[in-house]
Structures are given as structure tokens and as C-alpha cells.
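Here the sequence shown stands for residues 8 to 186, numbered as in this note's numbering.
Read the hints as simulated data drawn from the structure, not as lab findings. Using N, Cα and C, we set each Cβ at its ideal position, and we do this for glycine too. Hints may contain errors.
[To be verified] Simulated DEER-style distance windows between Cβ atoms: (1) R172 - A31: 39 to 49 Å; (2) T143 - D78: 37 to 47 Å; (3) V185 - S52: 33 to 43 Å.
[Unchecked claim] No more than 25 Å apart at the CA atoms, straight line, and that leaves these computed lysine to any residue pairs for SDA-like: (4) K178 - D86; (5) K94 - T155; (6) K63 - P34; (7) K94 - S52.
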Amino acid sequence: LIAVLLSVSLVCSMLGLLTPPALAIEPPTWSRTYGGLGGKIAHLSDGGFALLGPIKDPTTTNDCLRVLRLDADGEALFDRRYCGGGKDTPRDIAATPDGGFVAVAETTSFGLGYSDGWVLKFDAAGEIEWQYAIGTENTDWMRAVRVTSDGHYALVGTLNDTGSRDAWLIKMSAAGAVL
């Protein structure tokens with residue numbers, strides 16, 4: 008059977024039947040570098056982008072969140088760092104219907120336990136509209152955020168409330184209230 012398959016493959020190859028299509032390579036519209044590590048990206052309603060990644064605080068060497076806002080051509084509009092007193096790990100970012108964006112992270116800087124979720128809502132100019140640490144007295148994690156069809160936010164992570172790890176889904180309003 009293997010010999011038959013190899014023979015059929017050889018004949019098809021000779022006839023040009025197994026030749027892959029030519030790969031068309033188009034140059035990118037633009038390409039930029041911004042220093043530091045990459046992370047997550049949100050495409051915003053104005054055609055620009057918001058990037059979320061890790062960065063070290065130069066004075067304390069603590070882990071921080073870096074939010075880099077770009078216009079549609081990749082030009083930096085602002086590059087900001089958000090740090091607490093502990094380890095802050097960026098996880099996800101999503102564009103919001105109002106032209107801003109919402110980010111989630113894990114933090115040992117704020118909250119009730121060793122690690123909690125940190126959600127930050129930014130307006131289109133990059134100003135924090137609201138922020139919350141969410142979790143229990145234990146180690147909890149926030150991993151992703153999505154904007155729902157009704158304009159609210161769905162956050163997902165892991166809750167360690169009872170000593171066992173459980174999938175954790177939170178729905179928040181655009182104003183930051185847990186629904």
C-alpha cells in the first residue's frame with residue numbers, strides 16, 4: 008500500500024498536480040519598533056491601536072503594566088507605565104465602544120489576597136476612568152477581557168476561593184459595576 012501511494016504521489020508530482028501554489032508576499036503597510044516586550048493588542052475605533060505589555064519600574068525593578076497608544080499609522084501617541092508596590096502582570100486588552108479600552112492584569116500590589124485581578128478602564132486619551140482589584144484572600148488570577156454585545160465587559164480568570172481552583176467569569180458594566 009505504501010509503494011502504491013508513493014507511486015501515485017510521484018506520478019502526480021511529475022504531472023504538476025501536487026505543486027503548491029506560489030506564495031505571494033506583500034510588504035507590510037508599515038512596521039515600527041517601540042522597545043520593550045510585546046504583549047496584547049486592541050484595534051480601536053479610530054483605526055489606532057492600544058498595546059499592553061510588561062515593563063520594569065526603573066527605580067524599584069518591580070513588574071509594571073505598559074500601555075502604548077498608537078495612531079492608525081503606528082505613531083506613538085503616549086507610552087505610560089502603571090505600577091503598584093508589587094508585581095503587576097499584564098494579561099489582556101480590548102477596545103471599548105466609546106473609543107477607549109479596558110485592560111486586565113494580575114497584581115500583588117492591590118486587593119485582598121496574595122494575587123488578585125486588576126481591571127483598568129481607559130478613555131480614548133488614555134486616562135484611567137476607573138480601576139478595581141478583584142479577588143479573594145487567596146491567590147486569584149485574571150486572564151482575559153472581552154467586550155460583550157451589550158457593551159459590558161466579560162472578564163475570565165481563576166478563582167482560588169475554597170482552596171480549589173475554579174474558572175471565574177465576571178460581567179462588569181461599562182461604568183465598572185459588577186453585574
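Right, here's what the structure says about each hint:
1. R172 - A31: 39 to 49 Å: At 46 Å between Cβs, range holds.
2. T143 - D78: 37 to 47 Å: holds (40 Å)
3. V185 - S52: 33 to 43 Å: About 25 Å separates the Cβ atoms of V185 and S52, which means 33 to 43 Å is violated.
4. K178 - D86: violated (28 Å)
5. K94 - T155: violated (29 Å)
6. K63 - P34: violated (33 Å)
7. K94 - S52: At roughly 31 Å apart (the allowed maximum being 25 Å), S52 and K94 break the hint.
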